[in-house]
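J.: Each protein sequence line maps, in turn, to chains A and B.
All residue numbers for the first sequence refer to my numbering, where the first residue is 2 and numbers rise by one.
All residue numbers for the second sequence refer to my numbering, where the first residue is 0 and numbers rise by one.
Simulated from the structure, these hints should not be mistaken for lab results.
Please note that the accuracy of each hint is not assured.
Which chain A residues face chain B? A few, computed with CB under 7 Å, are given here [as the list claims (entries may be wrong)]:
id, residue
1, 105
2, 232
3, 238
4, 325
These figures come from a predicted structure and were not determined experimentally.
Don't be surprised by glycine CBs; every beta carbon is placed ideally from N, CA and C.
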Amino acid sequence: MSIKKITKQAFANFIDNLIKTATVYGVQPKGERFDFAPLASAKDLRLDYDVTLLPPKRFFQPTTETLLTFDGEGRYKSNFDNENFILLGVHPYDMVAINQMDKIFSKDYYDEHYMKRRNNATIIACDVLTPSENVFAASMGMATVSEGFDILLTDIGDGYVAEAGTEKGNALLAKAETTDANEKDLEKRQKLQQDNQKNLNKHKLKCKPSDIPNLLERAYKHPVWEEKAKTCFSCGSCNTVCPTCYCFNVQDSFNWDLKSGKRQRTWDGCLLDGFTKVAGEHEFRSNRADRFRHRFYRKGKYVPEKLNGQISCVGCGRCVGACLPDIANPVKVFNRLVDDLGLL
Amino acid sequence: MSNKPRVAVFDFACCEGCQLQIVNLEEEILDLIGAVDVVEWREAMSEQSSNYDVAIIEGSITRPEDEERLWLIRSRAKVLIALGACATIGGINKLKNNFDLRDVKKWVYGKDAEKPHLNTELTRSVAQVVKVDYLIHGCPIDRKEFTYIMRCILTGKKPEIPEWPVCVECKLKDNRCLWETGQTCLGPIIRAGCGARCPSSGFRCFGCRGYVNNPNINAAKDVIERYGLDVEVLKRKMNLFGSGNTQVTANG
Ligand code: SF4
Ligand code: SF4
Ligand code: SF4
Ligand code: SF4
Ligand code: SF4
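Extracted from the complex, chain A is given alone in its bound form:
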């Protein structure tokens, strides 16, 4: 696949042309923070952003979606989103998270609702220019990304290096006015990526990510869960802002004819009271500390078992900032375990 260089002016023209025919969600300011929102003009785009409020997962797994409608006579109709769209400005750690979710939603059970949206999407990723306050993607080895995107942009000052990762990306890039990236452009890109692999590291993990599953294997009864959970609100913010949390709750509701209705699913979170409530009102993880611990085991052990060992925390740092009592930071918890239990 080709690696091109595109000047900033040519890039702006390219985007403004795209907007005319396609739905583009690009990163833009929202108050003092950033967010993916429908893009009206290339000049609104902020590829120098630090981190978005919510991760881009909501474009594939909406916060609430209607799965099907039923008529009450035994007939039902599945509901799918068929719109093609472009997601512009996905950071590498979020791209890694999307790659992980793609596996989760297609491997054991093929989730058509998720996968339809995913296949309808074109992802233009971009390397990080401004590290966020809490990012630690470097510690997780996820500060840069080599797959999953259709196009990857790297800002090298006088323009972007644009690498197509798929045929779809290649075809899209062909619509832009580009030149082949030369040696110097590629050196600049490599420098920026190497810097990010060091610098996107506001919290430093004291072990390799691959040490985490074993660490957790020995930590089930460690006091840290109880200690930290003492000030846990069970507010689920560490779940809702996380690009690799994917739990959902399915609920039916009736229309006013009291027989037809719809089935919807909404985001859920393992920290929430009532999360594990199953039929018969039996709650098997009702204790706050158990729920608190569960999240770390999901990220560091259970989900990695489904992902060939890849840790399911990409180090975006969102949960760190979102947790008011400051107990959700995975690095702090894992480092504490390293200190107390050592590495084997």
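We have chain A already, so just place chain B with the ligands on it with the hints.
T.: Coordinates of chain B with the ligands only, in the frame set by chain A:
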């Protein structure tokens, strides 16, 4: 006589804002009226009835005669619904419980304060007086949630009312947390279901839907201190809706 459930609406101490939400249901009001027989509703009709299946109670209980009337309604109704914060948690009327009742009467009624018909007691929610089957939270209630719960009752399905705090809906709306801007938002300990109405328009949650089932008050104190605020500040903020806020359990 039809076999539709007979519904009666009653109000106690409140501003009637929640009933107004029902009146303002627009097209859905016709669906509601089509599905039930409304037999008493002071705000909307002149008829009265002592024969009803479902009683919807708005307002809090502040006088001995209120309590008697509420007991009577309870004995007649198969299903009793507490409508709005005044009924579910005592609401804004509970403010007065923080003061000496004699002072409160003087502030409100001046020289008439001691007249017998202005007698007042400590404010209680409906659930503190009688058994409540469904709680419809909020000040005022959310219309969508009201119609959802009504349809659940009519179909015999248990309504799913969030047990988690407002922060969940707030995050789903992609809001920036108000704590970052120095506002002491009560979202982390207050029951969701309003769609994070207040934080989404830039105002802190003041707790009108009452606490979640297990509010972590220690965590709230911890956070208050971390943000360099005074625990007393939080207490004052909670007073608006939270004072004496009791844990009530009901189907709703
Ligand atoms: S760890 Fe923090 S963000 Fe997560 S539920 Fe507890 S208080 Fe909320
Ligand atoms: S656990 Fe926290 S840092 Fe890790 S991916 Fe989730 S939100 Fe980001
Ligand atoms: S809950 Fe609020 S809106 Fe409803 S009656 Fe009471 S004061 Fe009025
Ligand atoms: S603004 Fe309030 S409701 Fe929203 S996340 Fe912050 S504390 Fe929670
Ligand atoms: S945000 Fe809080 S105060 Fe506002 S409506 Fe919701 S529960 Fe009530």
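J.: It remains to establish, for every hint, whether it holds in the given structure.
T.: Hint check:
Proximity of residue 105 of chain A to chain B is violated relative to the hint, the smallest CB-CB distance being about 20 Å (cut-off 7 Å). This hint holds: residue 232 of chain A has a C-beta 4 Å from the nearest C-beta of chain B, less than the 7 Å allowed. Hint status for residue 238 of chain A relative to chain B: holds, with the closest Cβ pair at about 5 Å, below 7 Å. Interface restraint check: residue 325 of chain A against chain B, minimum CB-CB distance 5 Å, threshold 7 Å, status holds.
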